[in-house]
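Novice: Residue numbers (the working numbering), protein chains in the order written: chain D, 36 to 83; chain A, 2 to 333; chain Z, 21 to 227; chain V, 24 to 823.
Note that these hints are calculated values from the structure, not bench results.
Since we're looking at a predicted model, the values are computed, not measured.
C-beta atoms are modelled at their ideal positions from N, C-alpha and C, and glycine is treated no differently.
So, partial list: chain Z residues that the calculated Cβ filter (under 10 Å) puts toward chain A:
1. 64
2. 70
3. 71
4. 158
5. 165
6. 168
Taking lysine to any residue pairs in the SDA-like style, the calculated list, with each CA pair at most 25 Å apart, reads:
7. V:211 - V:433
8. D:77 - Z:115
9. A:5 - V:52
10. V:300 - V:83
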Amino acid sequence: MELFRYATSVYGDKVIIGASFDLLQWFVGAGVAAVLAHAIFKWIVPSH
Amino acid sequence: MIVKDIMAPFELYQPAQLKDAFSLLDSFGKDAWKMAGGYDSLDWFKDRIVRPQAVIDLTGIAEMKGIKETPDGVEIGALTTLSEIENNPIIKAKYRLLADAVSHVASPQIRNHGTIGGNASQNARCLYFRYGLPCYRAGGNTCFADTPEGINREHALFGADRCVAVTSSDGAPALTALDAKFVLQSSSGQRVIGAEEFFVGPNVDILHLTAAKPEEILTTIRLPSAWAGKNFYFEKVADRNVWDFPLVNVAAAISVQNGAIRESRIVVGGVSAVPHRLTQVEGIIQGKALEEGTATLAGQSSTRDARPLNYNGFKIPLMASLVTRAVRNATA
Amino acid sequence: MSSHAGSVQAGQIQRHKLVDRLYHWVMAVCILTLLATSLLPIIGWKFAWLAIHWVTGLVLTVAVLFHIVRALFFQKPMSMVVDGQDLQNLGSGGRPGKYNLAQKLYHLAIAVLILSGIASGLVMLRKIDTPWWRRDPYWFSDSSWGVIYSAHDFVAMSLVTMIIIHVYFALRPDEWHLTRSMFRGWITPKEYKDHFDPKRWNAEEEA
Amino acid sequence: MDHKLIGKDFVVTDIEAKVTGRAKYVEDFRADGMVFCKSLTSPIPHAKIRSIDTSAALKMKGVLGILTADDVPQFPPPAQGIFAKDETFYVGEPILAVAAESEEIAVAAIEAIKIDFQELPHVVDPLESLFPGGPNARSGGNVAAGQIKLQTVKWDGADFATAGETKLPLGRPAEEWSYGDIDAGFKKAKVIVEENFVTATYSHNCMEARSAFAYWQGGKCFLYGSNQSHTAAIANISRYIGIKPDQLVFLAEFCGGGFGSKIPGYPNMAIAALMSKKINRPVMHRISRHEEYGIGSARPGFQGYVKMGFAANGKMVAADLYVVQESGPMATAGDFRAAGGALTLLYQPDAVRFRTVPVLTNTVPVGAQRGPGENQFVSVIEPMIDQAARQLNMDRIDIRIINAPDSDGKIGQDRGPLTSAFQKDALAKLKILGNWEERKKRSGQKNGTKVTGIGIGQGFHSAGSNGFDGLVRITTDGKLHIHTGVGNLGTHSHYSTARVAADLLNVNWENAIVERGDTRRGLPFNSPQAGSLTASTQSRTMYAAAMDMKDKLTDIAAQMLGGKPEDYVLGDEKVVSKSGGKSITYQQAAQKAVQLGGKYSGKEVPDELNPITKSAVAMIVGTGLIAAAKDKLPRVGTTPGLTCNLAEVEIDTETGVVEIKECFSVVDVGTVLFPLGLGHQIASGQILGIGMAHLERHIYDPKLGIPAAMGFHQSKVPTYLDIPPNIQWQAVEKPDPHHPLGIKGVGEPALGSGASCITSAIADALGGHLFNRTPVSADMILNHLSGRPPAHKPLQVNTV
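Between the sequences and the hints, there should be enough to build the whole structure, so can you do that?
Specialist: Dropping the structure here:
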């Protein structure tokens, strides 16, 4: 999996054209993971 | 370094049945390329811009070929060659508009092998896109044609959205004017959509000119009987009389009752990414007598929202003329 | 202080004025619209997104500018800045001021993301025709544009993560008083007493 | 003179091979151990090459070697080299080549090569380069040509400011000449036509790309190339490879089109040869269509200004012409000078000033294309002649007749003489052939949405040279071997000129063998197959050889049968005594020649022959009676090939579409050598002229410097349905007195008159509107008809 999307520029160089949208699932995953981690933490260690 | 005009290797699959084609599409996913007559595909391969792992040559699938009458009209297999359509007696008798249109495609040799499905589905011919530049249509972030000095004589008057490429098909405007339905099949079923849904502009999908999904195959085009035998007109203006894409073309189907226009579908190609249907013009001329004044009115009102680029302003009078001629000269 | 509609009644501790709540929700709608118009077409839901996207982006830009001006000159900007006390509280479990450490860090992160998103997005406007200018893709080199687009893309995807986290906290029962306050503007004196350090957030004075 | 072969039609000997596909072109050859090579070409219009990293490519399996600029002969800038060395000048310029077991491997290797380019400012419009501070196409300068050294020329900003966007700034020229008093001329002129113009750069579009195949054997390089000329190219090709001419075996039996781009060989030919030498394998270097558009040459476009003054009787009394040429990055075309020559010849003005500057651009290299310079010139000037006629209320053909050259006409700044010119007769004949008096009434007539235009065009190119060597041989079987080194461009003149020797020697065509296509067959030093030269030049060369053969035949007859050579004449493949009775066959004469040796068998040859001819004779020495002679027949002055055409077109005023209905052509080519071939030249000239006038052009994105016309489709070559169904022609048929048979050439002018009759007809249909630009495409016509401004700025180039 790549971090960026690449293209061939006008004169044949490899250029970055943007972030890879394949990463989107990982960003969603990161959000869900953070939520789960926090929820589990709170569940195991109740405040007060 | 860039090398063009020599194909990179690929695996060639030649399924004889649709279901085999679907399973190939499903198993190769993004790495598959669907090819019919090849006149669009081979250019991409030769210029090494498109490098599929697997090329699925559909031309061996018999069930996608041929023209047959149905209770609702006519069904044309997407792999039917343009020559066959041009010379088919049913099409000539009832849908002459389509026969006329495809007879103007490229050259006789190309029509002998090129298919109606491929003609309708062909990608944009924008010179920058075809050069392999990272333009919007290629997934990049730039339109090289619509720049202060860009070369855009062949580009869009309408519906440009970042990308200013146009449809170059001669068949597509005729199919749209005839209210054709497009049958898209995949391993998970089929859907039937109208021309206005099948052809998509850059505002909706900047990467594709049609709504066909990668896993779908355009198998059949249906022409409804509603427009059979109406008054038709097709004209194409190109730089050359053979082997050229249209600068502008027009396809019109007009139903006439007692000398007045009952209903019409007028579609212009080469001015937008999709066949540009003139619904406003159709409304304006509805009920009007079929005469020169109506034709002129149709032409004049057709280009109201045109937004010309550096070099394509001539398409405005050209389109107006062609629309006028379509209404003036449409005959049964 | 004020007595116009929406002002706090007796027994209510004002936390967010109407204008700030409005700002928050305008921004939320903007961000969600921006994400929907950019990401939905990518995951396969095709529609004409660009005009909505850039117009919304401009609305967001105005909203953010408004917020910056208001926060800097008409509010207490320090209330959103991480200070020594926040760090001490980490160990001691002391109560926070108006915003707790997590909120401050979240705000910091989202501010960086949104400002980057706006900055890159505004530059990208150079590439489309607007009523005010004609596109010019040659404003930057290919690779510079690539960096700008990448930044914009990463902001978008990061915002998805951030929104998931934000919504989660907003829905948590132990944060419910905060969520509620973003709707109706106030918290109860008990909530004020339980959750906040009056020395660090003098609600009376602020009101 | 009564001829059996000259002036008669025949089935061209190699035509069957061409139409059945048996003809072998370069790519059809194979050799044991043959490998492929592929060029890496520049993706960038102008850059310094900082470094090249081939390490990954060389490691690939199947890669056999890489040839770079360091391995090949170098030529001083701005000459077109084999590979770009430190600086690359256009998209498509070869930088290096990779040899591999297959083309696929070679291409994969090229993709693995990394080149570090330092981008430099590029320019595709000469005026932009002439603008103060504008970019130079080469770091060494922006102006160069043959006899004009590489230099930087910038015009004054004030010139540009004064001229504005619509006029050519008349800055400092690189070359200038004049004769007569133009100021006085313009003063006395009744009508003055003053215009700015642009002609498009466009590709040669050869069907056969310039592929090459080479191997080395016995210290010689065997090179199969696609070339218009044969022996005339040997010196130049050898120079590219870096060998002596006698080390080159050059095989070029067929040529799939050259149009001027394959006259003396070309740098690219050396790649296969030098790669083969480097890796010691036969090397096939196939050129793709895409590559061909980079290295395949193009007609240079002009940006120009012209002012012409006409007296009341239509006589051109003064002319002022300024031509800025888009020269590509190498100084490879002299079209600009020919434009001046065409002005002085076609209209015989009393006074002329000619100024010109050839400007280098980062576009593909340009070169001679069928009527280089003259044809661009007439395509825009001829409609202006109509303009003058309209203003003078004169007949449009009459104004041309008044100005046209006769045999007392002059050419060039030095007012050189002509060998003959019958353009006045040609134009008079055109009136009859084209039914002018009736037809001209249709000018501007409307038919529905269509309007008719009638156009006249003229063409000129010098069409004859001399001084080459003829070589014919009668072998001991009695066959006549006609050795021809002119090449096979496809005009059939290699055969039609060979027939001159057979005709003069009374040999039946079936008993004549044309030796050609392979230097091992003994090919003499002959005219390049170019410049409309072959028909005229090679026929007189053949005449010289035939006369030498005739002398030797009568000599031998006298030796064998007694008496003096003068007592003998040539009969039907026999030498016959004038008194009758005694004769020897050519076969007997050839057998005798072998016995006699010396000058008869080729053992002794005249010293004046070219070394190439001498080595050709050495290959066939002792095989029969050999006649090798240099053409020393007198010829004084320029031999002009002249044509005039008439076209009728219809323009659809609603769409701008031009339909070319009928075309007529009359040519002044002296004696007609081969009517069918001449007809083909005239028709093909008309067709390519339609391309020039109406369709063909190169396109560059000015910002990116990348080309858009990289295929037959994008180049808009005319198709079968874009040409009139019938092109009628006639010849004046007045022999040229400076040629032993009266023959002049025609290839190039046919295109010029073919193009200019179309531009003239389009203008005529539009009431005399001048576009002053080629090609005149439908969009330009439509913009004009609908009152829209033109899409191009008046002097803009490389757009549409």
